[in-house]
Amino acid sequence: MNKELEHKFVTELQDNQNIVHKVCTLYTNDRDSHNDLFQEITIQLWKAYPKFRGDAKFSTWMYRVALNTAITLYRKQKRRIDTADYESVIFKIKADEYDETEELQLKLMYKAVKQLNDVDKALVFLYLEDKNYTEISETLGISEVNARVKMNRIKTKLRTILNP
Amino acid sequence: MTDELELLKKDWQKKEFDVPKLSYDEIHKMIWKKSSSIVRWILIISILEFTVPHLLYLLPSMREGMEIYDNIGVSKYLVILSGFTYLIAFYFIFQFYKRFKEISVLDNSKNLMKKIIKTRKTVKYYVIFSLSMIMVTIIIMVIGVYLNDNIVNAFPELKDSLTNISPEKLKITIMMSIGIFGVILTLIMGGIYFLLYGLLLRKLKQNYSELRNLTI
Numbered sequence: 001m002n003k004e005l006e007h008k009f010v011t012e013l014q015d016n017q018n019i020v021h022k023v024c025t026l027y028t029n030d031r032d033s034h035n036d037l038f039q040e041i042t043i044q045l046w047k048a049y050p051k052f053r054g055d056a057k058f059s060t061w062m063y064r065v066a067l068n069t070a071i072t073l074y075r076k077q078k079r080r081i082d083t084a085d086y087e088s089v090i091f092k093i094k095a096d097e098y099d100e101t102e103e104l105q106l107k108l109m110y111k112a113v114k115q116l117n118d119v120d121k122a123l124v125f126l127y128l129e130d131k132n133y134t135e136i137s138e139t140l141g142i143s144e145v146n147a148r149v150k151m152n153r154i155k156t157k158l159r160t161i162l163n164p
Numbered sequence: 001m002t003d004e005l006e007l008l009k010k011d012w013q014k015k016e017f018d019v020p021k022l023s024y025d026e027i028h029k030m031i032w033k034k035s036s037s038i039v040r041w042i043l044i045i046s047i048l049e050f051t052v053p054h055l056l057y058l059l060p061s062m063r064e065g066m067e068i069y070d071n072i073g074v075s076k077y078l079v080i081l082s083g084f085t086y087l088i089a090f091y092f093i094f095q096f097y098k099r100f101k102e103i104s105v106l107d108n109s110k111n112l113m114k115k116i117i118k119t120r121k122t123v124k125y126y127v128i129f130s131l132s133m134i135m136v137t138i139i140i141m142v143i144g145v146y147l148n149d150n151i152v153n154a155f156p157e158l159k160d161s162l163t164n165i166s167p168e169k170l171k172i173t174i175m176m177s178i179g180i181f182g183v184i185l186t187l188i189m190g191g192i193y194f195l196l197y198g199l200l201l202r203k204l205k206q207n208y209s210e211l212r213n214l215t216i
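So the sequence lines, in the order shown, correspond to chains U and Y.
Counting from 1, position 135 in the first sequence corresponds to residue 135 in my numbering; the numbering is continuous, with no gaps.
Counting from 1, position 67 in the second sequence corresponds to residue 67 in my numbering; the numbering is continuous, with no gaps.
Be careful, since some hints might not be right.
[Stated by the list, open to error] Derived DSSO-like pairs (lysine-lysine); straight-line CA-CA distance at most 30 Å: (1) K155/U - K111/U; (2) K131/U - K121/U; (3) K121/U - K121/Y; (4) K9/Y - K155/U; (5) K121/Y - K131/U; (6) K47/U - K205/Y; (7) K22/U - K205/Y; (8) K22/U - K121/Y; (9) K111/U - K203/Y; (10) K111/U - K205/Y.
The set of hints was computed from the structure by calculation and includes no laboratory data.
Work out the full structure: start from the sequences and follow the hints.
This is how it looks when you write it as structure tokens:
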């Protein structure tokens, strides 16, 4: 692997690092695990980079590798320390942009999403990233119909978590 | 709920996550770190599984132990058996390599999980095969002891201390010891193996069945 490729990769990842941070935020509960997962995703992206031919956008390709790493390859157990602190920092909601009810609603929603299982989180993540059902189904390897059904079930699940 | 999720989506997309952005150098440093993915672990454990049992034969004490096979008179069967074992082992290594190469992080999630599980299954069958071969070796030894008419000569170091025990009794004791030793060895090795992989792949299996159950 030559220097030029290395430079190109690091620059592109640096520009798009928000995607990876979002995945890490969903799948980990403290700063250390966050960084750990970020590193593993970076390694996997780099290893796969020579196969990335630019026929898709770099960011599109990142979604797949990042999610695959989070739900399949990443081995470490989720630690449960510092959860509250971490979440309040990560999901800091800018108070001036919402009224109080909305703010509270959002906080609860983020909390509820964090309680979902790995696969459900992946669906929600892609949904929040405004991916359509074709993309969601292709990323996860399920049919489009299944993706829709699953998404509806997740909505029900979230409703149950929010209104026990 | 749909509205709430839409609200979340709006917030999510404009959200600049409040985590320190990594610099060029920090990312650059990361790409040369060693991966700790389960695929890497499977590779390491599998290589150990393929090599460690064979390395044991290089220990001098193990080689001395081989003389017992000669003394019991079963070494020629065990040579045939180990030839057969190696042949099968190479087949497994080839299969493992082929499947391992197919694992790609660019696959969709379900396929990726399927391929990892398939690769691990190859190792699992190899381990089951190896454990069975240990059992077969034990059985051959027990039969060897049973058919041996001069069992005291087979264990020269026992000769002095065991003069007052009848050969029949000695034979049964030796057969029992070998048998029990074999079963315990097999159980321990099998136990370690399944525990190791069970822990390693628990999360992956959960997620895989989650995705698979969707396919109606």
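To see whether the hints hold, each was checked on the structure:
1. K155/U - K111/U: It holds: about 14 Å lies between the C-alpha atoms, which stays within 30 Å.
2. K131/U - K121/U: Holds. K131/U to K121/U sits at ~14 Å (cutoff 30 Å).
3. K121/U - K121/Y: holds, 28 Å
4. K9/Y - K155/U: holds, 13 Å
5. K121/Y - K131/U: violated, 34 Å
6. K47/U - K205/Y: Given that 30 Å is the threshold and the Cα spacing comes to 24 Å, the pair holds.
7. K22/U - K205/Y: holds, 24 Å
8. K22/U - K121/Y: Distance of about 33 Å is beyond 30 Å: violated.
9. K111/U - K203/Y: holds, 21 Å
10. K111/U - K205/Y: holds, 25 Å
Violated hints, listed in ascending order, are 5, 8; each of the other numbered hints is respected by the structure.
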